[in-house]
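One line per chain: the protein sequences are A and B, in this order.
Using my numbering, read the first sequence as starting at 2 and increasing by one per residue.
Using my numbering, read the second sequence as starting at 23 and increasing by one per residue.
FYI, nobody ran anything at the bench for these hints, they're computed from the structure.
Pairwise CB distance ranges, derived in the manner of DEER restraints:
1. G219(B) / T33(A): 28 to 38 Å
2. V407(B) / A120(A): 55 to 65 Å
3. F35(B) / T64(A): 36 to 46 Å
Glycine included, every Cβ here is placed at the ideal spot set by N, Cα and C.
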Amino acid sequence: MTVYESDLPGVGKKFEVELNDGSQLVIVIHNTGKRELFLRESPDADSEKLFELSDRLSRQVGTIMEGAYFQPIRTETIDTVLSDDTLIEWVKLTVDSPLVGKTLAESQVRQRVGVSVVAVQRGDETVSNPGADFAVEEGDTLVVIGGQDACREFQEYATAESATDE
Amino acid sequence: MAAMELWQVGALFVSIAVAGTIATRVGLSVIPLYVVVGMLVGPNVLGRYASEFAVPSGDIVTILAEIGIVLLLFFLGLEFSLDRLLEARRRITGVGLLDLGVNFPVGVGLGLLFGWSLLESALLGGIVYISSSAVITKSLIDLGWIANSESEPMLGTLVFEDLFIAIYLAVVAALVGGSGGLETALTDVAVAVAFLGVLLAGVWFGGPLFERLFDADSSELFVLRVLAVAVFVAGIALAIGVSEAVAAFFVGMGFSSTDHVERIERLLTPVRDIFAAVFFFYIGLGTDPLLVATTVGILAIAVVATTPTKIVSGFFSGRIYGLDDRRSLRVGFGMVTRGEFSLIIATVAATGNGPVMTQVIPAFAVGYVLVMSILGTVLMQYSEVFEGVLQRRRSETTS
Chain A
2 MTVYESDLPG VGKKFEVELN DGSQLVIVIH NTGKRELFLR ESPDADSEKL
52 FELSDRLSRQ VGTIMEGAYF QPIRTETIDT VLSDDTLIEW VKLTVDSPLV
102 GKTLAESQVR QRVGVSVVAV QRGDETVSNP GADFAVEEGD TLVVIGGQDA
152 CREFQEYATA ESATDE
Chain B
23 MAAMELWQVG ALFVSIAVAG TIATRVGLSV IPLYVVVGML VGPNVLGRYA
73 SEFAVPSGDI VTILAEIGIV LLLFFLGLEF SLDRLLEARR RITGVGLLDL
123 GVNFPVGVGL GLLFGWSLLE SALLGGIVYI SSSAVITKSL IDLGWIANSE
173 SEPMLGTLVF EDLFIAIYLA VVAALVGGSG GLETALTDVA VAVAFLGVLL
223 AGVWFGGPLF ERLFDADSSE LFVLRVLAVA VFVAGIALAI GVSEAVAAFF
273 VGMGFSSTDH VERIERLLTP VRDIFAAVFF FYIGLGTDPL LVATTVGILA
323 IAVVATTPTK IVSGFFSGRI YGLDDRRSLR VGFGMVTRGE FSLIIATVAA
373 TGNGPVMTQV IPAFAVGYVL VMSILGTVLM QYSEVFEGVL QRRRSETTS
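Produce the complete structure using the sequences and hints provided.
Below, the structure is given as structure tokens:
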């Protein structure tokens, strides 16, 4: 996927996203916060306006698109790219995860794989910035931040995937 | 200058509101309508028949209009990031120089043809050269062209024009305000350059200071501080004979590198729109339609000469950005609209001496902006018709 970004002086920024069928999705973010979405059927065609959203609404829609509320493909992982190599990942603990029943200090997550636990979601509750003595349970979703490789390693470890793969 | 009563200020805003509503209904840009309604309810039309109901061109309107100029240029500076310009400098410089090289000399040439002085001709050059950032940007958004590739050369050209106009205004304001004589003119230019140098140093080194000074939690305090610094610096500039518009542009540039840009745009855009509307209205108030009518000859010549030049320079600007014929033509059509800056140049001219500067140029500028803003908007709206003709011609010549 290629995304072209360009400045629109006095207006805002324009992002052109290449879709698989050769068409382009054009997103104009106005300085006022308004987002306009356009579809361009082919590179030569005129952009057809699809709809526009307010700043607030587009953030909400964005979160839904990202899968933070519902992720149909792999429920245990959702990742958000912060930069080229750093991700925020949501990892749901399975019953045979080696982490279950241990505190964060005991499982030594950071030392072992190099990711930091920034929040734990338990049911409807979210514990942000959990302390070292926080004990995780089965069904908890750990929100971790770290490098791409570290996140993958952590996910395999926390969901005990590597054991089944080998 | 007549004193104004509150109801007259009210009448001013009622007129502007009505003009804005009509313009939006019929799909025209608001700027020409604000000017026209100012002309109609001002001393020159309504004042002739029922002077007690006319809106006088009082001191208050003048001040509000000046704040309008300050905010228009302040926002221009705000958008004007040097980094951004440097990033795309090759293409922006290319289209900018093409636009300047084609359109400015045509205006100067016309002025000389009318038998005007070099300075008067240079003012005409500026008026016919500078396209309207406000109207063109709005048309781009309304027509959805903003998402197409033709918007880039257009906005790029506008950025170049905006930088040029800041320098140009600084120079012509000093020259027009000078009491004659090369020596005094040079002194005035030197004072302007020195003052702007101080401002530029402020822009260069003041970023962190601006960042902290304007870090107010309350929106009220924030708006007040920004407005205070912009109007105060511009006012001091005017008091020592430097263009207030240029000073405001520099203040805006000072903010452009801070984190406050987004907040300023969100909170101050409505403030700018109100005062800018009063500025256009004020231009109308001071314009006598009869005087505009006397300029109809030079107006016609200017329209006929400067519409094609903008279309041609715009077309080739599109080519520099690698666009096809159809989109390049759109760039040309899009650049035809002249607006706020032509009127600001006219207000500079009005402070000069002699009938050409004080009467002919301001009256001409109003007529010219009316024609060009309507013509430009219509050309953009109906560009498909012309694009079709262009494509048929092309296919005939190739087949």
